[in-house]
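J.: Listed below, chain by chain, are the residues.
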Amino acid sequence: MIRIVLPANLRTLARVSGEVAVDVNGTPTQRAVLDALEAQYPVLRGTIRDHTTHKRRAFIRFFACESDLSHESPDTPLPDPVATGTEPFLVVGAMAGG
Amino acid sequence: MSGVRVLVGTRKGAFVLTSDGKRNDWKVDGPHFAGWEIYHVKGSPADPNRLYASQSSGWFGQVIQRSDDGGKTWNAVGNEFTYDGVPGTHQWYDGTPRPWEFKRVWHLEPSLTDPDTVYAGVEDAALFRSTDGGTSWHELSGLRTHGTGSSWQPGAGGMCLHTIILDPSDQKRLYTAISAAGAFRSDDAGTSWKPINKGLRSEQLPDQDAEVGHCVHRLAMHPSRPNVLFMQKHWDVMRTDDAGESWREVSGNLPTDFGFPIDVHAHEPETVYVVPIKSDSHHFPIDGKLQVYRSRSGGDEWEALTNGLPQSNCYVNVLRDAMAVDKLDACGIYFGTTGGQVYASPDAGDTWSAIVHDLPAVLSVEVQTLP
Chain V
1 MIRIVLPANL RTLARVSGEV AVDVNGTPTQ RAVLDALEAQ YPVLRGTIRD
51 HTTHKRRAFI RFFACESDLS HESPDTPLPD PVATGTEPFL VVGAMAGG
Chain P
1 MSGVRVLVGT RKGAFVLTSD GKRNDWKVDG PHFAGWEIYH VKGSPADPNR
51 LYASQSSGWF GQVIQRSDDG GKTWNAVGNE FTYDGVPGTH QWYDGTPRPW
101 EFKRVWHLEP SLTDPDTVYA GVEDAALFRS TDGGTSWHEL SGLRTHGTGS
151 SWQPGAGGMC LHTIILDPSD QKRLYTAISA AGAFRSDDAG TSWKPINKGL
201 RSEQLPDQDA EVGHCVHRLA MHPSRPNVLF MQKHWDVMRT DDAGESWREV
251 SGNLPTDFGF PIDVHAHEPE TVYVVPIKSD SHHFPIDGKL QVYRSRSGGD
301 EWEALTNGLP QSNCYVNVLR DAMAVDKLDA CGIYFGTTGG QVYASPDAGD
351 TWSAIVHDLP AVLSVEVQTL P
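Residue numbers (the numbering used here), protein chains in the order written: chain V, 1 to 98; chain P, 1 to 371.
Don't take every hint at face value.
Unchecked claim - Pairs of lysine-lysine residues, derived as BS3-like cross-links and limited to a Cα-Cα distance of at most 30 Å, are as follows:
1. V:55 / P:172
2. P:327 / P:172
3. P:12 / V:55
Stated by the list, open to error - Sample of chain P residues at the chain V side, in silico, Cβ under 8 Å:
4. 35
5. 57
6. 62
What the hints assert, rightly or not - Calculated Cβ distances over 12 Å to all of chain P for the following chain V residues:
7. 23
8. 42
9. 73
10. 75
Keep in mind the hints are simulated off the structure, nothing from the lab.
We treat Cβ as the ideally placed atom computed from N, Cα and C, and that holds for glycine.
Using the sequences and the accompanying hints, generate a full structural model.
T.: Right, dumping it as structure tokens:
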């Protein structure tokens, strides 16, 4: 089980409060986690990454274990504490816009 | 008694303002979608409980919301806007070619007859249509690819398709307007398009009467006379009597012919409203006096409407989609400002009062006349 923390606007859109959890088959990667998240909450499609290219939206960041994973390959395995559910995978709105 | 429902899109959410036919006392509901930019909210003429809203964010992109109960509850529907085929390029501000890239929906225009059919005008400029209540969207790419598209260039606010007008007498005829490309017409339900900009002159263009490149801010039509269109251009207020084949200037005695919105009285097709703005660099009213101007002669002769509007220290703007008219016997006029006020006139502009004072900057105003 992967724990995910969404920004407030996306929690409202997905109609959830607090963390959400998704199950991922195989090695958890950004791509696998976001695929599972979007399958569970289809309303989030297009809000974190592009519908077609699956490229991260410019003002979205991915953090975990006090590290910025935004520029990692989407197929890089996530840190073990995220994979084991000890630490959450954070989807963050970048500091932008004043 | 019949009433009105005013749909307000702002920089930080949507608001629904309702009143009875007197339009004196108002109920304010919102913010819906708090924190998101709501470029436009509009109801279906075929079903007043069906509303569509464009919700967007620089962080999270585009969401389309739909209500089936007049705005009490909302559900997100489809938000995938993919250009048809290989998008190609348009001109960037510096004149270099730039690939078309979807940014947001500026305007939603529901069908006059089918609540599930709705058109979307988007940035970068293109026209999309949904026939399943907003679940899926398909581009009417004949507009973007008709030939001049590669030469279109964004205005200061982006290259947006901001106006969609459906001809009530001919289901195959549609009008659109794009900043800064101009006005376009389709006579085959959106399959093919032609520029309709003859008569426009823009000093900002090297060829002042070019076929495209004009910064049209808004078009308006009275449903009883679909061949007559009024236009607020970057500068100049224009009119056509032949469905856009030729335009003539009707700015007349306006104190400035720069502005954004333009609209037509619900029962008087020759009564037109604009909000003159000092200039393209100022973007506020002249001398701090907020004035709506009304022509009862289809242009050329204009009168200032000031009763109830601030006449000192007012430096707001009124954006292109932020004016609307209701269809009650005494036609009501509404507009919203970048200062967060929504003004209403229950008597065709003679007197005004603010429904609300302190909303976020208003991007759009629409009104539904309810039975």
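J.: Going through the earlier hints one by one, which of them does the structure break, listed in rising order?
T.: Violated: hints 1 and 8.
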